[in-house]
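Offset between the sequence shown (1-based) and the working numbering: plus 21.
Since the hints were made in silico from the structure, they are not lab data.
Hints are not guaranteed to be accurate.
Said to hold, decoys possible - Here are the simulated DSSO-like cross-link-like pairs (lysine-lysine), alpha carbons at most 27 Å apart as the crow flies:
{"hint": "1", "residue 1": "155", "residue 2": "145"}
{"hint": "2", "residue 1": "73", "residue 2": "94"}
{"hint": "3", "residue 1": "313", "residue 2": "365"}
{"hint": "4", "residue 1": "73", "residue 2": "155"}
{"hint": "5", "residue 1": "164", "residue 2": "126"}
{"hint": "6", "residue 1": "87", "residue 2": "99"}
{"hint": "7", "residue 1": "164", "residue 2": "78"}
{"hint": "8", "residue 1": "35", "residue 2": "87"}
{"hint": "9", "residue 1": "194", "residue 2": "87"}
{"hint": "10", "residue 1": "155", "residue 2": "94"}
{"hint": "11", "residue 1": "202", "residue 2": "176"}
{"hint": "12", "residue 1": "214", "residue 2": "194"}
{"hint": "13", "residue 1": "99", "residue 2": "194"}
{"hint": "14", "residue 1": "202", "residue 2": "323"}
{"hint": "15", "residue 1": "194", "residue 2": "164"}
{"hint": "16", "residue 1": "164", "residue 2": "214"}
{"hint": "17", "residue 1": "73", "residue 2": "145"}
{"hint": "18", "residue 1": "176", "residue 2": "194"}
{"hint": "19", "residue 1": "35", "residue 2": "99"}
{"hint": "20", "residue 1": "155", "residue 2": "99"}
{"hint": "21", "residue 1": "78", "residue 2": "94"}
{"hint": "22", "residue 1": "145", "residue 2": "99"}
{"hint": "23", "residue 1": "155", "residue 2": "35"}
{"hint": "24", "residue 1": "78", "residue 2": "145"}
{"hint": "25", "residue 1": "94", "residue 2": "35"}
{"hint": "26", "residue 1": "164", "residue 2": "176"}
{"hint": "27", "residue 1": "127", "residue 2": "35"}
{"hint": "28", "residue 1": "323", "residue 2": "339"}
{"hint": "29", "residue 1": "73", "residue 2": "99"}
{"hint": "30", "residue 1": "194", "residue 2": "323"}
{"hint": "31", "residue 1": "145", "residue 2": "35"}
{"hint": "32", "residue 1": "313", "residue 2": "202"}
{"hint": "33", "residue 1": "126", "residue 2": "155"}
{"hint": "34", "residue 1": "202", "residue 2": "214"}
{"hint": "35", "residue 1": "313", "residue 2": "339"}
{"hint": "36", "residue 1": "126", "residue 2": "99"}
{"hint": "37", "residue 1": "164", "residue 2": "99"}
{"hint": "38", "residue 1": "127", "residue 2": "155"}
{"hint": "39", "residue 1": "164", "residue 2": "127"}
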Amino acid sequence: MLFDNQYEQQRIQKAEQLRALGINPYPHNITRDTTTAQFFREYAYVAAGEEKRDESKRVTLSGRIKFLRLMGKAAFAKIEDESGVVQIYVARDNLPEGFYNNVFKKLIEVGDIVTVEGFPFVTKTGELSLHVTKLELAAKSIKPLPEKFHGLQDKELRYRQRYLDLIMNRNVKEIFQTRSKIVSITRRFFEEKGFLEVETPMMHPIAGGANARPFITHHNALDVERYLRIAPELYLKRLIVGGFEAVFEINRNFRNEGMDLTHNPEFTMLEFYWAYHNFEDLMRLTEELFDKLREELDLPTKLPFGELEIDMQTPFRKIAWRDALIQIGGVPEMVVDDRTLIVKHLAEHEIEVDADLS
Numbered sequence: 022m023l024f025d026n027q028y029e030q031q032r033i034q035k036a037e038q039l040r041a042l043g044i045n046p047y048p049h050n051i052t053r054d055t056t057t058a059q060f061f062r063e064y065a066y067v068a069a070g071e072e073k074r075d076e077s078k079r080v081t082l083s084g085r086i087k088f089l090r091l092m093g094k095a096a097f098a099k100i101e102d103e104s105g106v107v108q109i110y111v112a113r114d115n116l117p118e119g120f121y122n123n124v125f126k127k128l129i130e131v132g133d134i135v136t137v138e139g140f141p142f143v144t145k146t147g148e149l150s151l152h153v154t155k156l157e158l159a160a161k162s163i164k165p166l167p168e169k170f171h172g173l174q175d176k177e178l179r180y181r182q183r184y185l186d187l188i189m190n191r192n193v194k195e196i197f198q199t200r201s202k203i204v205s206i207t208r209r210f211f212e213e214k215g216f217l218e219v220e221t222p223m224m225h226p227i228a229g230g231a232n233a234r235p236f237i238t239h240h241n242a243l244d245v246e247r248y249l250r251i252a253p254e255l256y257l258k259r260l261i262v263g264g265f266e267a268v269f270e271i272n273r274n275f276r277n278e279g280m281d282l283t284h285n286p287e288f289t290m291l292e293f294y295w296a297y298h299n300f301e302d303l304m305r306l307t308e309e310l311f312d313k314l315r316e317e318l319d320l321p322t323k324l325p326f327g328e329l330e331i332d333m334q335t336p337f338r339k340i341a342w343r344d345a346l347i348q349i350g351g352v353p354e355m356v357v358d359d360r361t362l363i364v365k366h367l368a369e370h371e372i373e374v375d376a377d378l379s
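Start from the sequences and build out the full structure, keeping to the hints where you can.
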């Protein structure tokens, strides 16, 4: 395999050197007994104690090296797992003879994933760390990480290579985790209300449920055209017709249209239907859902969204369609109440409509 990047070539060579030393750069069995978050919880007493170390404990951590500072016979590094970042102290005399100089210093670098065993101790600067007595390579990284000081600033690269964005920006990982919690809380909320979660077809014989351009595919077995769904509405309503009284679906939709930071051709949507309830009941249910999300996620009432601030305090303001056109849309009241003037107003704004305003 050819690698154009000279740094990737160097890492490939280091992986081969590891193999020559009898070290598998991609071992199959990794043993870890503690996460970073558990380490800080379980050994907080070490930082509070007088000894500032507990050599009776043996801890095994695994994580990606995010920072490495070599200092002759010893080194400090920071490794990161999903739960956090921890500092480790690696000394030559605590490792097998020759390992520090021939392996650790020469062949292990930032970006690699390691498994370390040792005991908790506190550095002179007061940081709870792991004093390493055993170190194994868990995975050799071939692609070097972006330089830490400048980080990953190219937005296009961040969105196209999310894995790299996750490695370099911990706050992005927290966004992923929060999103997962939102889906989980939403699902539990509707189940507790007696709703049935369903999965409806992804491939539709017609493009229905919303006004959007569909993705078109071909079903070979049936030799027919199919449309990736733009909304689950029609199938959910059929379930209501069939006798289910409360159904919901959290799933993917596909719309073959524009793409920017607020629109994606493939996205997740919640849609629900509730028999024997009117639109006001659905408004109240939606408010309850937002209250539940704020409570479970411990969010403030007001949340930032770009340059805006969204007030999530319930009950939400309710406004009729006519009043919204006047107050928010700036449409003159005399226009809203006159069919002819509506058509004229739309034409002035280059909006095409049918004669019957459909």
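Within a Cα-Cα threshold of 27 Å, do residue 164 and residue 214 meet the stated pairing? Since the Cα atoms of residue 164 and residue 214 sit roughly 49 Å apart, the hinted pair is violated (cutoff 27 Å).
Decide if the proposed pair is consistent with the structure: residue 202 and residue 214, CA atoms, cutoff 27 Å inclusive. holds, 18 Å
Satisfaction of hint between residue 99 and residue 155, Cα-Cα up to 27 Å: holds, 16 Å
Under the criterion that the straight-line Cα-Cα distance not exceed 27 Å, is the pair residue 78, residue 94 satisfied? Between residue 78 and residue 94 the Cα gap is close to 24 Å, so the pair holds against 27 Å.
Please verify whether residue 194 and residue 323 have alpha carbons no more than 27 Å apart. It holds: about 23 Å lies between the C-alpha atoms, which stays within 27 Å.
Please verify whether residue 202 and residue 176 have alpha carbons no more than 27 Å apart. holds, 25 Å
Taking 27 Å as the top limit, are the C-alpha atoms of residue 323 and residue 339 close enough? holds, 18 Å
Given the hint that residue 127 pairs with residue 155, does the C-alpha gap stay at or below 27 Å? holds, 17 Å
Is the hinted pair residue 73 and residue 155 satisfied, with a Cα-Cα distance of at most 27 Å? Roughly 20 Å separates the two Cα atoms, so the pair holds.
Does the structure keep residue 164 and residue 78 at a Cα separation of 27 Å or less? violated, 35 Å
Hinted pair residue 313 and residue 202, Cα distance within 27 Å: OK: residue 313 and residue 202 at ~12 Å, within 27 Å.
For a C-alpha distance cap of 27 Å, please report whether residue 145 and residue 99 respect it. holds, 16 Å
The structure shown violates the earlier hints numbered 3, 7, 12, 16 and 31.
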